[in-house]
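Asker: Based on these hints, arrange chain B on the given structure of chain A.
Keeping their order, the protein sequence lines are chains A and B.
First residue of the first sequence? That's 280 in the working numbering, and the numbers climb one at a time after it.
First residue of the second sequence? That's 280 in the working numbering, and the numbers climb one at a time after it.
Please note that the accuracy of each hint is not assured.
Since the list gives no way to pick out one identical chain from another, each pair is judged satisfied if it fits inside one copy or across any two copies.
Said to hold, decoys possible - In silico lysine to aspartate or glutamate, DMTMM-like type, Cα no more than 25 Å apart, as pairs: (1) Lys455 <-> Glu333; (2) Lys362 <-> Asp435; (3) Lys499 <-> Asp336; (4) Lys455 <-> Glu320.
Treat the hints as calculated values from the structure; they're not laboratory data.
If you're wondering where the values come from, they're calculated on a predicted model, not measured in any experiment.
Number of protein chains: 2
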Amino acid sequence: MGAMSYQSAGVDYEPLDAFKRLCQSAAATTVGALKSHGLTEPAGIRGESAYILETPDSYLAHVEEGLGTKNLIADEMLRLTGKSYYSNIGIDTVATIVNDLITVGALPISVAMHAAVGDAAWFTDAVSADLANGFAAACRQAGAVWGGGETPALRDMVNPGTIILAGSAVGRITPKSNRITDRLQNGDAIILLASSGVHTNGLTLCRRIAQNLPNGYLTKIDDGRSFGEALLDASLIYVNFITTAQRINLPLHYAVHLTGHGWRKLMRAAGRFTYRLTELRPPPPIFNFLIRSGPVDAREAYATFNMGVGFAVFVSAADAERCIGCAKSAGYDAWVGGTVIKDGNRKAVEIIPLGLTYEADTLNLR
Amino acid sequence: MGAMSYQSAGVDYEPLDAFKRLCQSAAATTVGALKSHGLTEPAGIRGESAYILETPDSYLAHVEEGLGTKNLIADEMLRLTGKSYYSNIGIDTVATIVNDLITVGALPISVAMHAAVGDAAWFTDAVSADLANGFAAACRQAGAVWGGGETPALRDMVNPGTIILAGSAVGRITPKSNRITDRLQNGDAIILLASSGVHTNGLTLCRRIAQNLPNGYLTKIDDGRSFGEALLDASLIYVNFITTAQRINLPLHYAVHLTGHGWRKLMRAAGRFTYRLTELRPPPPIFNFLIRSGPVDAREAYATFNMGVGFAVFVSAADAERCIGCAKSAGYDAWVGGTVIKDGNRKAVEIIPLGLTYEADTLNLR
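Only chain A is shown next, with the shape it has when bound in the complex (with noise of 0.2 Å):
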């Protein structure tokens, strides 16, 4: 068998990235209303992980964000081993939600959940209050409330048994001083923040490759445990980390939450630069485990999984050990992972440990 792709997975980021273009020409035909409010849109902001709107005290941030297919996964465990992962689906809900927030500097206030189920009788199974508990603990972690939802049957569009979770974030940057901006410029240190896992992306590639092994799901990986399990892990919110620099004024010069094009989100900056790693770690087992069984070949990985990096910042070259301790100190293993590198007009990612390349055309977001 060849190696698989997320696009032989059925994941075409193409016709996606499409429609996305194409609704943000027309939300630009949007943004006259603003002003009767007395607000502003912020030069650039459009194609960031969160949008934001200028007060004149503050700024407001708004992101809406889905949980993708990794529920399936719960799903498929609950009915192998009987235990439910749904504490953990919620985490994950909120944490793709806040995760993209605090990419602008934003602090998550108010989450709200979309819950939509085919049959109303999910609403009605035990794993529906262990979902609801980590929902409530993920918003008590990002230090935001929960503060409503949805929770529509819509039958003959939702598969019966399953269930597709969404929400959406309001925040804040007060002061308007702690924004972050892209000020990224040579020479800057990418520090590279741990994540637990797969965390909420590349699902659909894992959910292919469990039904290519005989024991699917409950194939030991690794450390032992099973592979559903594994991809199971709650993801890290990264809020506390955003915090604690904010409380020592850290200067961050962008930062980046890696969910879809994996590592290609390194380059998400609208600037040209070229991203070279140099410093890798070893990423928790699931990932070498989905490398070895997909087959999945390194540049696909590194393309479409977070490969053990949850989350990454940029800050000049001197506050590159100041940004450490400031991660760890929030609970956070991060490390120096390379240098931005101003190389003309080129926008690349190098990882030159694994002699990977992704030029600016392999990630087309704007």
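Answerer: Showing chain B alone in chain A's frame:
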């Protein structure tokens, strides 16, 4: 064939409402987070249609809402007639979000789209541009900016060929005196604002009715249009009414967006009042068609559909005519539908001309 009900059409609100209550209980554990943000949660806001947070000089509002199954009808009409109704679908999606937001007096400032497909190819279909353009047009009408969104492809979760539409809004109340709180009093006038048709509610039952008609969505209704076309009339957006009421300092004692639960929603406020409706207007022809074709009895129809009323506000009897004038100047048809009556501890909606009564136990939202 016996009369059809929303429950027999496959929508059972009991488990949905049970899960909502479970979520509200878990959400209550997150409120402590607000203190570190210098925010407070107003008493009694849980269970209202929009969540709000109090800042020193304003309220921030947050709503997450979904369209439901209405676009399945647009999909079928596209197949039958070749005509795209996805511009209206985009308007409906925004309408259902912002009409909830304004019930607390918040004006929408940012709206985000959540659009989940089963197959990414949907996003390359011609109707996707109509959806984006309709969504943008509705944001402009609501005075809000389209501030982002999420467009996942969820294989094995969403049925291929359709799209699940939802979204969120951030709103603001400023000055704080514009907040609509429950100030209902004996003798208040019930002001009903006309709808354009079914809006986004009761569509599962409408789809079931179409299945039982020999000509389905192509069946002519009384105004000579097809059933499908009439169902797909775009929802009205009531933001301009609230903006105008605020501009003339019209005291609104409560506001209700008539969605799920039909006219039972008129008793949404927490207090114990009887809402006595005495003046009905003939609803748009689509409703008589639904009643006749289901058949749907009047009691079920008014408990499910908006029956020609999309939004309601309550004002002192002395302000009733001023409120009607306000609505008309903002472009809405409106009339005094009845009176709020304090009758001991009783809570009910009475539709006198039809002899219908809904007691408090028919609406369990809190």
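Asker: Of the hints stated earlier, which fail here?
Answerer: Per hint list: single violation, 3.
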